[in-house]
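Protein sequence lines, in the order shown, are assigned to chains X and Y.
Sequential numbering of the first sequence, starting at 1, is according to this note's numbering.
Sequential numbering of the second sequence, starting at 1001, is according to this note's numbering.
Any given hint could be a false lead.
[To be verified] Below, a list of computed lysine to any residue pairs in the SDA-like style, where the Cα atoms sit at most 20 Å apart:
| hint | chain 1 | residue 1 | chain 2 | residue 2 |
| --- | --- | --- | --- | --- |
| 1 | X | 287 | Y | 1480 |
| 2 | X | 160 | X | 183 |
| 3 | Y | 1368 | X | 74 |
| 4 | Y | 1348 | Y | 1430 |
| 5 | Y | 1208 | X | 170 |
| 6 | Y | 1317 | X | 156 |
| 7 | Y | 1317 | X | 164 |
| 8 | Y | 1097 | X | 73 |
| 9 | X | 160 | Y | 1215 |
| 10 | Y | 1208 | X | 177 |
| 11 | X | 160 | Y | 1207 |
| 12 | Y | 1317 | X | 170 |
| 13 | X | 287 | Y | 1475 |
| 14 | X | 160 | Y | 1317 |
| 15 | Y | 1055 | Y | 1084 |
| 16 | Y | 1097 | X | 278 |
| 17 | Y | 1348 | Y | 1238 |
| 18 | X | 317 | X | 246 |
| 19 | Y | 1203 | Y | 1213 |
| 20 | Y | 1350 | Y | 1280 |
| 21 | Y | 1208 | X | 175 |
| 22 | Y | 1317 | X | 163 |
| 23 | Y | 1207 | Y | 1300 |
| 24 | Y | 1097 | X | 74 |
| 25 | X | 287 | Y | 1474 |
| 26 | X | 160 | X | 188 |
| 27 | X | 287 | Y | 1094 |
| 28 | X | 287 | Y | 1479 |
| 29 | Y | 1097 | X | 286 |
| 30 | Y | 1203 | Y | 1215 |
Calculated directly from the structure, the hints in this document are not laboratory data.
Since the model is a prediction, treat every value here as computed from it, not as a measurement.
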Amino acid sequence: MSSEAPTAQHNELHTHRSANPFAWLTENTLQGMARRKALLGYLFLAPTMLGILIFTAGPVVFSFVLSLFRWNVFSPPEWVGAANYARMFADSRALTGFWNSFVFVFFAVALQVALGLLLAMILQARMPTWLRYTYRTSFLLPMLMSGAATAIVLGYMLHKEFGAVNYYLGRLGISPIPWLTEPGWAMVSIILSYLWLATGFTMILFIGGLTNISTEILDAADVDGAQGFTRFWHITLPLVSPTLLFAAVTGVIGGLQVFDLPYIMTRGGPGDSTRTAVMVMYESAFKNMEIGYGSTIAVVLFLIILAVTAGQFGLSKRWVFYQ
Amino acid sequence: MNTQQSQGLSRRDFLRWSSATAAVLTLAACAPSAPAPQAGTGAGSSGAPAAETLKLRMQVDPEQEKPVVDMYRAINPNVEFEFVSVTGIDHEEVAAKILTMVASGQALDLGYAATEATQLYAGQKLAAPIDEWVKRDAAELQEYFADVHPSLIQAMMWEGSLYQLPIDFNAANIYYNTAVLQEAGVEAPGSEWTKDDFYNIAKAATKKNASGATETYGYAWTNRLWGGWMPWIFVNGSNLLVEEEAPGGEWLWSEFYADDPAAQGRGGGWRWTAPKANDAANVEALEFLVQLYQEGITPAIELGGGDTLQGFFTTGKLAMTPAGGFWAGGLNNAGMPNGSFDVQLMPKWKNQRHQFGTAGQWIFADGKNKDAAWEYMKFRISKDAMLANGMFNPVTLTTPTRRSMLTAERFAETGPANWQVFYATLDDHPDTAPIPAPPVSNPMTAIFVGYTSRAMNGELTPQAALDGMQKELEDLYARTPDMYAKPA
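Based on the sequences and whatever the hints tell you, model everything.
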């Protein structure tokens, strides 16, 4: 008899559930409450998950599929398998684009992080509050500018013949510099322009990181006689290393996708000297309407960013310290 | 008993169905939109229907087009317009945006394209041929064709069919700053001048400071397909691509140009069937341009549409540059008074064959209101409409294709004094032809501009640059073997 009661109760519940398909959710038990709580969580997550699925994951998968086809949008796609990949690895313009992206990232991100940290530390020094905020705002303002507008204005300022930069250099007796018309200088100009735009944000990140360092630790370092570079190297830098990691990862991801500055300032030239991987991708897909080939470049770039970011996180275990 | 099976909807099921629904939505988002039903006028109707209001979506400069649209709406109040302004640094960028719009299902009714994109749109079957409309309305169009040089019409044909009615054109002539030439003590060039004359004038006009840096340049040009160094390729008797005339087009020539000697022997448009970038004449032409740069006669080449060159020219830092009729209005707007500049034909080298580009509206093949679009296109090339068009009124911002609109009165205030050169380029040199712009003109232009840049900055010799250009163009042509129909 003792075993019959739960069976009857179970059958009753089963009958109830059969009548109401949402009974598992509405039943007034601890399990039911947990389910409702979980469902509420999923509902809150749903818009974001749906957005990621439709606008991020979907296009990534779609791009990979497209990379296996030859397609100009106006005609039916033609299956080519890995031919687009073989073409890309033999395409000197595409390879130059990737190389330029790496060169840009190497110098731009290194300088962006170093300058950002330096500016943050300078602004942490003792100075009137109004002056500190003035500097902070000034350094951050470029970030509010549109990249395209910045590129146009800087393009004029760096013009060899008419540019304001060469005008003032000329007043100092310096010959006009071919900022945008000589391959070596063109990349330097793009990097400097990027730094003008992006360093302010990195500085703000580091100000946050520096502010979070416990004063007790710094006081202890003072007591132990750690000053200047020693204190920076052994105390400050390890303690802002999480911020450093974040700045480096986001910098590399953003840097590998640089497009607007070289596209508007040099259009990838002179020659292909400032043509980045994203520019080659854009030109292939949207100017030449070789959507499959453009997707191939996108997929390879995606994999490179993925690998580099994973590598950064992997290596970070050796040098990032969390308080 | 398995209670799991008896549940109406488990959490796992919920997540599974959510994922499936999201995947379906993703696919739905990626799928092309359903073709829009044809609406509005039926084929063969002679105009916009009177009963129902329809809207034409049109790629135009709204300010320039408004006077024409106002005139049109005064007699066709049932037609509304939506202006879609598509801008870009150069023609290939505008074309890229149009292609992207079409790819995303945003077809317009009327586009506007220059030679650079005519075959691009026609070759992709995005543009509708206008042959049948032209034949139907031949009587109305006689006056237009009689006023327009046949070479401009031929440039708007592809594989025997006409796709556009050109409204403006620009051949690359040489503009010169009269004050700079006077200061250099050289006379203004005449129409029979040669490449050597050009070199001597450019060299004389170049002014350097004590440190050897150039302060005034003798010549400058923009690195682009039209008007870059292409004019030098043409006057040196060559082309970037092997050119031939497509068959067909007799219907047009016999109907509208039967008595015009300049139309004799013309075919159904141009075909550029293979690259010949490293032809000896092209190498020679590029070597000449590199020589000018190395001697400090020209500055580092510029990209884009030529705004910077205009700055050079108007401030007296530049003596000569290749440009078309569009420069006259631009220089005037920039403050250069009549008489401070003038224009001449390209100098003669092996010949004096010029290159030109021309432009006009085209009808989207997938447009909803093609008949109404044709009616507007036809109205737009009427003389009254062209006279009202902001492209030519109040300032001549580009060269009208109608010979009758190029008058002394038109250029009396702005200059140039030698305005007759614009149409003389076509009339006196009937072999003058459009810039090479096959259906693959976008990637072709990128290759052309890239290798030109590498030669000009000394990264490659002209020969090496053109060998590289040839190789890439051959690869491009190999990837698009069916660009043109097989010759008949």
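Checked hints:
1. X/287 to Y/1480: Status holds; Cα separation ~15 Å.
2. X/160 to X/183: holds (13 Å)
3. Y/1368 to X/74: Judged against 20 Å, a Cα distance of about 18 Å means the pair holds.
4. Y/1348 to Y/1430: holds (15 Å)
5. Y/1208 to X/170: holds (15 Å)
6. Y/1317 to X/156: Since the Cα atoms of residue 1317 of chain Y and residue 156 of chain X sit roughly 17 Å apart, the hinted pair holds (cutoff 20 Å).
7. Y/1317 to X/164: Holds - the C-alpha atoms of residue 164 of chain X and residue 1317 of chain Y are around 16 Å apart, at most 20 Å.
8. Y/1097 to X/73: Distance ~14 Å between residue 1097 of chain Y and residue 73 of chain X Cα, so the pair holds.
9. X/160 to Y/1215: Holds, at about 12 Å.
10. Y/1208 to X/177: This hinted pair holds, its Cα atoms lying about 17 Å apart.
11. X/160 to Y/1207: Since the Cα atoms of residue 160 of chain X and residue 1207 of chain Y sit roughly 17 Å apart, the hinted pair holds (cutoff 20 Å).
12. Y/1317 to X/170: holds (17 Å)
13. X/287 to Y/1475: Holds: residue 287 of chain X and residue 1475 of chain Y sit about 17 Å apart, inside 20 Å.
14. X/160 to Y/1317: holds (13 Å)
15. Y/1055 to Y/1084: Answer holds: residue 1055 of chain Y to residue 1084 of chain Y is near 12 Å, not above 20 Å.
16. Y/1097 to X/278: holds (17 Å)
17. Y/1348 to Y/1238: Holds. Residue 1348 of chain Y to residue 1238 of chain Y sits at ~13 Å (cutoff 20 Å).
18. X/317 to X/246: Between residue 317 of chain X and residue 246 of chain X the Cα gap is close to 13 Å, so the pair holds against 20 Å.
19. Y/1203 to Y/1213: holds (14 Å)
20. Y/1350 to Y/1280: Holds, at roughly 13 Å.
21. Y/1208 to X/175: With Cα atoms ~13 Å apart, residue 1208 of chain Y and residue 175 of chain X stay inside 20 Å; holds.
22. Y/1317 to X/163: holds (14 Å)
23. Y/1207 to Y/1300: Given that 20 Å is the threshold and the Cα spacing comes to 16 Å, the pair holds.
24. Y/1097 to X/74: Judged against 20 Å, a Cα distance of about 15 Å means the pair holds.
25. X/287 to Y/1474: holds (18 Å)
26. X/160 to X/188: holds (14 Å)
27. X/287 to Y/1094: Roughly 9 Å between the alpha carbons, so the hint for residue 287 of chain X and residue 1094 of chain Y holds.
28. X/287 to Y/1479: Cα-Cα ~16 Å, so holds.
29. Y/1097 to X/286: Answer holds: residue 1097 of chain Y to residue 286 of chain X is near 8 Å, not above 20 Å.
30. Y/1203 to Y/1215: Holds. Residue 1203 of chain Y to residue 1215 of chain Y sits at ~13 Å (cutoff 20 Å).
In summary, the structure agrees with every hint in the numbered list given earlier.
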